[in-house]
Structures are given as C-alpha cells and as structure tokens.
Amino acid sequence: MEKKRILIIDDEEDILSLVEEILKDDYLIEKANSPSKAVEILKKDLNFNLILLDIILPEKDGWELLREFKNILKDKEIPVAIFSILKEPQDMLKAIKEGAVAYIVKPFEPEGLKNRIKEIFEKL
Amino acid sequence: MKDEITGLPLLVDIINLLKDRIEKEKEVNLLIIQILESSIFEEEFGFDVFDSWVKSLADLIKISVTKEFTPYENPLLFTTDPFSSLICLIFPKTHDPKKFITKLKNEIEKLIPAPTAITLREIKFDPLRRTERSIYQTVNEVKIEHTKTESRMKSNIKSLFKKIIRTSEIKMVFQPIFEISEEKLTYGFEALARGPKGTELEMPTALFSVADELNELENLEKLCRWKALLTSKRLPDEKYKIFLNVSSKILQQKSSYVEELIENLDELQIKTEKLVLEITERYAISDFDTLKKNINYLKERNIKLSIDDVGVGYSSLQTLAELNPDYLKYDMVLVRNIHEDMIKQNLLEMVLNFGEKIKAKVIAEGIEKEEELITLRKIGVRYGQGFYLSYPFEVEI
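If you read the protein sequences in the order shown, they are chains A and B. If you read the first sequence in my numbering, its first letter stands for residue 11, the second for the next number, and so on. If you read the second sequence in my numbering, its first letter stands for residue 228, the second for the next number, and so on.
So here's chain B without its partners, still in its complex pose:
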C-alpha cells in the first residue's frame, strides 16, 4: 500500500526490506524530514493546500535523491503513517550527507511556508537486538525530538506574543473587496492583522490561536480593532465598507466589546453604517443566545454582519440564517481550483441560493487565478477578494 498524498510506501509494508538491508550493510543513515506544527497550518490554509505542500515536499525529496545518489547506493524513501507530514530516507553510511542536507534545507525553505525539521540518525545492526525494533525505535525517537522542537518553538512564540501586546506591535493591512460581476469596482476593505514581519506571529491565524491559548484574545481583539478603525480613516474614500474581524468567542461572552466598539466609532467619527463586523463560522457556537444578543445590539446601531468561512464550518445553514447576516464569505479552500471541481461549484450554487433567500450578499474569498474568477462570475457571484484581484496593502497612521 502507498500513502495517498506522497505516493511513498508505508514503513509497515517495507519493514522486512529495511531489516534485510540493515543486516546486510551493517549500518545505514536515516534522514527524517517533517513539516512541523502541521495542525496549525492545515487549519490556516485548508487541507488541500496543506496536502499539496506535503506532496511538493515529497516530490522535491524524490528529485533531490535521484540527483544525489547513484542507483547502486539504493536510497530508499518511505513514510511512517498515511497522511503524515513526515518523510524518511535510508541511504548507505558511506555517503557523506552534510552537503546534501544543507542543499535540501535551502530548497525546502524556498518551497514550503511552514517550518520543517531535518534529523539525521544511524541505524546499526546488532545481533542481540531485533532489527525491526531498532528501526521503529529510531523513528519514534526522532518523532519525539521533533515534538520537543515544536514545543520549544511554541514557548518562544508565547514570549514574543507578550511583547507584541506590551508594545502594541500590530499592523493592520487592508485587502480590497471588489464587485466582480462587471468591471472591477471597489466595494470595501477587509482589515487584517499582521504581527511583526518575519516572525512566527506575522499571520493572523497563529497570532489569534496563541492569544486564545494565553487567554489574551480580548486584549488582542481590542488592540486590532482600535488600529483598524484608526487606519481606516486614511483609506481613499468615505463610501467604502470596512470589514472588521472579531472572534465569535468574544461575542459569546459577557464583555464590554460591543459597547466599546460603538464608543470607538464615535471617538473616531466613523459612521456605524460603514462598518461590517465579520465573525467566523469555523468553530462551533456554544452560547447562541449571548451571540445573538450582542449581534442584535450592533444591528440596532446599523452595523452589518458578515459570516466568514462559510462552507467549511460546523454550523448548519439554518443556524447561520438565524444570525441574520448581511454577507456570507465563501471560504478560500472552496474557491481554490473551483474551475476544476464540480462539487465546489455545486456547493457555491447552494450557498448563493441560500444567500438570496436570506438576503445576504455572497463574497468569494481567496481568488488567486483567472480561471477561478471566470468560474465564480459564471456561477453568479457578485463580490470577491483575493491575491488575483489585489494583495492587502499597508496604510500609514
């Protein structure tokens, strides 16, 4: 059996082959390459994008191995479990791996946005030990080591986060939302938070998940809100809508978030009609009543509601309808290669019908290709955003 994503054999299926080889060569090198923090990245970019990274990683390693080793050296690639982000390479002890590892590291960095770990081990034949056990043990030791690296990275990230809050080191960028049906007309701007450039907390998913872990979500949300509203004053025209993200968790607890939002708008003299509050539908809603109460409070003050990540979340369409949203944002995972995927098209048609029924505008997110845009137009989507239309841009305060 082969792993579906990488096309590599699984350890359990080739264990006898490995055993024979180690017993014959007496010692071999084992190189383990793994994408770290895979769950965070899978959540941020969606499973099909993440799968494509794992596949590219496997393809890159396959090509590098063919270039580096002679067939006589018989390098052997495999993975430990199906759908894992870990790739193993066995090669003769006589082959000096240093240059190969450096080169591979560089190439992986260029290819994959997530951090990767590369670990070299040797497995020796020991007549007193079962060889299969040595193989499994070595692989498991490396897995544990990689988990430790991940947790070290996490603790560094936590202190970085505290510094960000202390020094308000958050930038807001704005991504235009367009009317895509006829010409490309600007409709509004989504404010997106960015942590310090080049750090692990630059992108919002990491930033907000660390905040949640440290119980600092509300502080971060308020900081982002203030910066977003303040910088939005510098946007070209008054008439555009500003989409501001807030975690639905905040709106499900008794907090001063909603009252303070109205105060902020008042202080900055921004009309409430201009604002669209965007909440994600990715996580299950636990306190629907409080959420609804907070939303109603804002709606009574003319603030509009947008639901993010529609299509990939837990809520049924009925639950979404009860929130009475003005906008539905169709998730980027479902926009990715929609021109080649009929189910994604079917799902979008259904969301469009649903939007029409509840009088909510549908905005397609994450448009990155012309073909995607053409398909979205054909299906009847009127609003969209994504790198193909415009990258987010920075506004000076």
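The following block holds chain A by itself, in its conformation from the complex:
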C-alpha cells in the first residue's frame, strides 16, 4: 500500500525533526516551519492525507492559518489535527468548532504519537 502523506507545521525545528523521526517509517513527511512556508507548500501541492498543525506560531496563529487553508483547499478536504501545548478545554472546544479531527497535546511519547496518528487514519 502506498504510504500516506502528512504535512507537519511547527515553528520549532527540534519538534519537526523529532516528529519526522518518529513517523517516517510509516508515512511520507513534509515539514513547514512557518505559516508562510505551509501556505507555499499547499499552493503547489494538495496531495496530503493529514495536516498536523501547531497553534502557537510566528506571523499568525494556527487558528487563523486553519481558516486560510479552507480558501486554499477549496473543495479538497485534507483533515487537520491540532498539535499543541495548550490543554485547556476552551482550546479543544475551539478545535471542534474550527473543524479539526483530533487534538494532540504536546509533549508526547513517541509510541503515543504513533498510535494517535494510526487511530486518526483508522477513524477517517
């Protein structure tokens, strides 16, 4: 079976490399370290199965970026999972309102992250 593609958006290079390291055996990973980079990638290539989006980002926050994606993606639906250190109910509620499919709280255990991503794909 062809590997699924995931776009990870996070401004911390360490996190990007760590997530890539954890997931690269099972998925094809693309990384973006800023909102503008993410938009640039998506304008050229919409062929992703999942977007993993951090909320606290430079330039604009993840929520704003999520709304911008809707314009770029138009009718193509790429599920977005939120990936954040914010863990108040209000933040998770916002994720539901904005149409995200999952909420992964940082920091995470490598095995835990693997399982969560697997679970997300099973339920999609």
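Be a bit skeptical, because a hint or two may be false.
With a straight-line Cα cutoff of 25 Å, these simulated DSS-like cross-link-like pairs (lysine-lysine) come out [as the list claims (entries may be wrong)]: (1) B:Lys282 to A:Lys86; (2) B:Lys605 to A:Lys97; (3) A:Lys128 to B:Lys605; (4) B:Lys229 to A:Lys104; (5) B:Lys229 to A:Lys86; (6) A:Lys80 to B:Lys229; (7) A:Lys107 to B:Lys282; (8) B:Lys385 to A:Lys116; (9) B:Lys526 to B:Lys481; (10) A:Lys84 to B:Lys229; (11) A:Lys107 to B:Lys520; (12) A:Lys97 to B:Lys586; (13) A:Lys133 to B:Lys596; (14) B:Lys476 to A:Lys54; (15) B:Lys605 to A:Lys124; (16) A:Lys84 to B:Lys282; (17) B:Lys370 to B:Lys385; (18) A:Lys84 to B:Lys289; (19) A:Lys53 to B:Lys476; (20) B:Lys289 to A:Lys97; (21) B:Lys605 to A:Lys133; (22) B:Lys282 to A:Lys104; (23) B:Lys605 to A:Lys116; (24) B:Lys389 to B:Lys476; (25) A:Lys97 to B:Lys584.
Since the hints were derived computationally from the structure, they do not count as laboratory data. The structure presented is a predicted model; accordingly, all values stated were derived computationally and were not measured.
Assemble chain B onto chain A, guided by the hints.
Just chain B, lined up with the frame of chain A:
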C-alpha cells in the same frame, strides 16, 4: 463561495445573477425564512445542534422547492451572510405562493423547536433605480421586520414571566442520574424547572435568561428551590442525592440565599448530605471571593458542590479546582456524537484525569444514543444522565 452550514450561495456572490433576472422578468417574489432568537437557542442547545437545525431547515427548503417549482421557473436559493439563520428564495411572480408557504410553515414547525418567521416580498424592476440596491434594501427591510417580531415576542414573554412569579406557576421535574459503569443503578436526581407547558418559558434557559433581564433572578431561584425541595420528598427513596441548580450569579452577591437554603432543608427535614448544589461554569466568574465564601458556608454544612457545563465555559481547570467541587458535569454538547469525534473523546479523557486528581466524580450529561453511552463507558465515565437513559419525570406535590 458557499455558506458552510447550508451549502447555499451567498447573496454577495450571486448579486449579478439576481440583477439580470429581475431586469429580465420585471418582477419576482422573494421569500425569506429565518430562525428567530437564534442566540438564545444556540446557547441553550450548543452551536452544533443549532447548526444542524439551520442545515435541516435548508435541506427541507431545498426539497420543498424541488417539489413545488418546475425547473423552467428557476427558483433560486441563497443566504445573506455566512453562518446566518436566514434563507432566501427567489421565484417568478406568476407562481402563487400561498399554498406553498402554508405547507412550508407546517413542515418547519414539525422540524425545528425554535420559532421561525416567513416573509414574502416582491422586488420590481425600476429603470430609475439600481436593481442591486432594491435587492439589498428589500432583504434588509425584512431583517428589520424580523427583529421587531423578536422584540414583540420578548415583551409578551416578559409579561408572561411576571404572571409566572405572581402565581408560582413553576413545576419541577426530576431527571435520574445513573451509575452507568456496570448495571444502570440510580444515583440521584437533578431537579429541573419548567414554566407553563407550551409557552416560550417552558424550558429553563429561556426562563432564567428572562428572569436575569428583569432583575428577578433571586426570586425565581428561591421559588424553584422551594418547589424542588418540597417535591423531592415524594421521590422513591431517601438515599438518593438531589442535584439542585443555582445560578452562580446568586452566590456571587451578598444575599440570603445560602442561609435560607439551610432553613428550607431544616423546615422540610431534609438532610444536608442529600443535597448537591449545582452551579454553571458557562459564565465568567466576577466575584470569586464571595462565591468561594458562600460555597464554603454550604460545604461546612455537608452540602456538596457540582459544576455544570464543564468543558464549554470560561473558567480554566485551575479555577474550577479552587472551588473544590465534588462533581463535574461534562457538557451535553461535548457528549453529542462523542463516538464519532476524537477531540470530544480527548477532552473527556482530560476532564476525567482532572476529576481524579481533585477527587471529583464526573457525570456525563445529555446522553441520547447508545453509541454515546458505549463510548463514555469505554473512556471510563461512571455516571451519566440523558434522554437515552431516562427522560425527566414529574412528581406530584
């Protein structure tokens, strides 16, 4: 661009299409259908339930339109703004709308619990006026008219409220709370207020928001409290907990509420341990110290504290922990379709962990489906309530 909820085009995007059409047909009918008082209902039922009403309304109208009109008549549906509760239909002036409107009214009433307004207008082509302006103006006039209808409804509601207080026309119903982990064992009952049947004030959210507006909250709270405690004496067994709602606003002001509560229990010979006072976390807390003082006064007298609407309110978990609650009620909006929503599951897991840490029992509210119950059990929730388990029931005084 299309409106996300209804899937209908937005007025601004099809304005040229409408303009051409009016200029060609010379006059058209415009039918505007709107769910009124949307903010109250969105707050009462949660945004996703409200969105589903708007979507059902749009779907119903789409189907009715296909049945009623021929493709040649080219009926056109759109909405004015994204996320609005208003749907517009343009169709030829030659089509008599009377029967269609009556039928639509009936079907909407069956489908949606909120009041809706349906208004018919015509838009005529006038060579001396900009057609776009006529369209916008007509739509805006109808919007204003609907706002007026809403405020008329509100003033009727206010006089109804005054009558309710004058005549003590409040009924208390009880909804069982169950231990859901193994068998379905009754754990307690939540007392819920009901205004006169069939009126706009039958459900508690409307009742209490009108009371708040009229500065009558404390009177209503005391009336409900007395009726709840009195009727609770008729419940099957002494051992069950009684959950009594009170607005946290009352507990944040200097009032006689807490002392009188203890007096009431004493008069009715109800043990304080039986009572769980339930306050909502939906509104921001402004006077934390007074709230805490009142809660401590009750806790010293063995009354337990439950926090309602956990997950959808303003307070951080830290603030909630400081109130030292014995129960956390996980909001029904977050229980709705939890089996299909991973974030709702994540949030519940977090609330469960938090409950364990502060030694509070978590009760899931608004369970309406078997799948929801199964998921809640799987995640480890031990207590629950909702229509799927039992409807609230009336107890005679």
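How the hints compare with the structure:
For the hint linking Lys282 of chain B to Lys86 of chain A, the alpha-carbon distance of about 21 Å falls within 25 Å, and the restraint holds. The straight-line distance between the Cα atoms of Lys605 of chain B and Lys97 of chain A is roughly 22 Å, inside the 25 Å bound, and the hint therefore holds. For the suggested pair Lys128 of chain A and Lys605 of chain B, the alpha carbons sit about 19 Å apart, so the restraint of at most 25 Å is met. With a C-alpha separation of about 22 Å, the suggested pair Lys229 of chain B and Lys104 of chain A falls inside the 25 Å cut-off, and the hint holds.
Restraint check: the Cα-Cα separation between Lys229 of chain B and Lys86 of chain A comes to about 14 Å, which is no more than 25 Å; the hinted pair holds. With a CA separation close to 12 Å, the supplied pair Lys80 of chain A and Lys229 of chain B stays within the 25 Å bound. Note on Lys107 of chain A and Lys282 of chain B: the hinted pairing holds, with a Cα-Cα distance of about 16 Å set against a maximum of 25 Å. For the hint linking Lys385 of chain B to Lys116 of chain A, the alpha-carbon distance of about 50 Å lies beyond 25 Å, and the restraint is violated.
Restraint check for Lys526 of chain B and Lys481 of chain B: the C-alpha separation of about 17 Å stays at or below 25 Å, so the hint holds. Restraint check: the Cα-Cα separation between Lys84 of chain A and Lys229 of chain B comes to about 10 Å, which is no more than 25 Å; the hinted pair holds. Straight-line distance between C-alpha atoms of Lys107 of chain A and Lys520 of chain B comes to about 35 Å, which puts the hinted pair past the 25 Å bound. A threshold of 25 Å between alpha carbons decides the hint, and for Lys97 of chain A with Lys586 of chain B the separation of about 20 Å falls inside it, so the pair holds.
Distance check on the hinted pair: Lys133 of chain A and Lys596 of chain B sit about 19 Å apart at the alpha-carbon level, within 25 Å; holds. Annotation: proposed proximity of Lys476 of chain B to Lys54 of chain A is violated, straight-line Cα distance about 53 Å (limit 25 Å). For a cut-off of 25 Å, the pair hint linking Lys605 of chain B to Lys124 of chain A stands: about 21 Å separates their Cα positions. Proposed proximity of Lys84 of chain A and Lys282 of chain B is supported: the alpha carbons are some 20 Å apart, at most 25 Å.
Restraint check: the Cα-Cα separation between Lys370 of chain B and Lys385 of chain B comes to about 23 Å, which is no more than 25 Å; the hinted pair holds. A C-alpha spacing of about 23 Å is found between Lys84 of chain A and Lys289 of chain B, which places the hinted pair at or below 25 Å, so the restraint holds. Between Lys53 of chain A and Lys476 of chain B the alpha-carbon distance is near 50 Å, which puts this suggested pair outside the 25 Å criterion. For the proposed pair Lys289 of chain B and Lys97 of chain A, the alpha carbon gap of about 41 Å is over 25 Å, so the pair is violated.
Annotation: proposed proximity of Lys605 of chain B to Lys133 of chain A holds, straight-line Cα distance about 16 Å (limit 25 Å). The hinted pair formed by Lys282 of chain B and Lys104 of chain A meets the criterion: a straight-line CA distance of about 21 Å does not exceed 25 Å. A C-alpha spacing of about 24 Å is found between Lys605 of chain B and Lys116 of chain A, which places the hinted pair at or below 25 Å, so the restraint holds. A hinted pair counts as satisfied when its Cα atoms are at most 25 Å apart, and Lys389 of chain B with Lys476 of chain B qualifies at roughly 21 Å.
Using a Cα cut-off of 25 Å, the hinted pair Lys97 of chain A and Lys584 of chain B holds, with the two alpha carbons roughly 16 Å apart.
The structure does not agree with the numbered hints 8, 11, 14, 19 and 20 stated previously, though it agrees with the rest.
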